[in-house]
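Given chain A, put chain B in place with the hints provided.
Protein chains in written order, with our numbering: chain A, 4 to 223; chain B, 973 to 1096.
These aren't lab readings, by the way, just hints derived from the structure by calculation.
Predicted, not measured: the structure shown is a model, and the values here were computed from it.
Heads up, none of these hints are tricks.
Some, not all, of what chain B presents toward chain A, calculated at C-beta under 10 angstroms:
{"hint": "1", "residue": "R974"}
{"hint": "2", "residue": "I976"}
{"hint": "3", "residue": "K982"}
{"hint": "4", "residue": "R1011"}
{"hint": "5", "residue": "N1012"}
{"hint": "6", "residue": "E1014"}
{"hint": "7", "residue": "F1015"}
{"hint": "8", "residue": "R1018"}
{"hint": "9", "residue": "M1019"}
{"hint": "10", "residue": "R1022"}
{"hint": "11", "residue": "M1062"}
{"hint": "12", "residue": "I1086"}
{"hint": "13", "residue": "P1087"}
{"hint": "14", "residue": "L1090"}
{"hint": "15", "residue": "L1091"}
With a Cα cut of at most 20 angstroms, we get these calculated DMTMM-like pairs of lysine to aspartate or glutamate:
{"hint": "16", "chain 1": "A", "residue 1": "K90", "chain 2": "B", "residue 2": "E1068"}
{"hint": "17", "chain 1": "B", "residue 1": "K1084", "chain 2": "A", "residue 2": "E91"}
{"hint": "18", "chain 1": "B", "residue 1": "K1074", "chain 2": "A", "residue 2": "D115"}
{"hint": "19", "chain 1": "B", "residue 1": "K1081", "chain 2": "A", "residue 2": "D115"}
{"hint": "20", "chain 1": "B", "residue 1": "K1041", "chain 2": "B", "residue 2": "D992"}
{"hint": "21", "chain 1": "B", "residue 1": "K1084", "chain 2": "A", "residue 2": "E18"}
Glycine is no exception: its CB is placed at the ideal position from the N, C-alpha and C atoms.
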Amino acid sequence: MGLPTPDTAHLRRPEYATVYEPAEDTYLLLDALESDRESLQALRPAVCVEIGSGSGCVSAFLGQVLGPHCALIISTDINPAANAATKETAARSAAHAVPLEQCRTRFVQGLDARLAGSVDVLVFNPPYVVTPTAEIDSTPEASAWAGGEHGREVLDQLLPQIPALLSPAGRFYLVVIEENKPEEIAQILAAHGLQGARVLSRRAGREHLSIYRFSRGCAE
Amino acid sequence: MRLITHNMLKCHVKNCTDPDKQFPLRFKDAKLEQIEAERNDEFLVRMLPRIEWAALATTANELGIELPKEVPANPADDDAFLQGLHTAIMEMHVKEGSMLCKGCGHEYKIAKGIPNMLLAEHEI
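Just chain A, same shape as in the assembly (with noise of 0.2 angstroms):
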């Protein structure tokens, strides 16, 4: 696999101590839009969009799996840290010939109504873990991981959503643990008609990591 970890050394500075780190979750994520290079480049994405870039490891890369000047890449994020640690990965990466903007938003708000039917990639990588609802965006460190009730909270805020975001062949990808459900979560994009399927899994410590794609009409 040939595709270099986009360089996110510079996270290491104190004005970004509150951005998550790229970790064994982040490394699933890319392994599985590496894997999907083929079908990702013959799908000719022209708007990409990460929700919660954190450090802008997933959107660099998602550059590189793109290949340079062919696909607008917007990365939000709530935490002002991780939109300019965003940015600066997209600068010292590879990928940096790919347009990478950087919106400070929750979810897609304020490019919601521009962006509907309009994303071809979309990629969220959600605050997953299990703990006290009081604990979801209690700090800008917590809102990266912190997911309340089954780790589905914030998620679940921005399910119903998804659909209507997608382009005709848009495809969503979705890191999820075992806790939060993810067959339910499938369930409930079904009903608003996307098929999903789990495309990778990996075990690490504690947590069973999955990759989830959704997109309209048969999931391969």
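Just chain B now, kept in the frame of chain A:
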């Protein structure tokens, strides 16, 4: 922030509902920088249907960037048009400034090239 991203932003304040005024947001004190980028005509043409052209053209003109009022009949064969489009949406970056909603007047700030679309709880 490139103008292509600005073209995707719409005011989302709760009581701001006039679609003719929520979009496009109007730049205020925009500090522009042009950064050269390689032109990919195939991408530009593929991107065209995703762009609200009138909003882009108006916004670009307000910033002193020339774009025609309408997309030509055969954009893929129009070198001058593609160069103008490439410059406007790929090379021009808004580094600082803000964007105002023409409806409710909400000001979205741009700092170090990153727009802030977050609203306070009572505005959502």
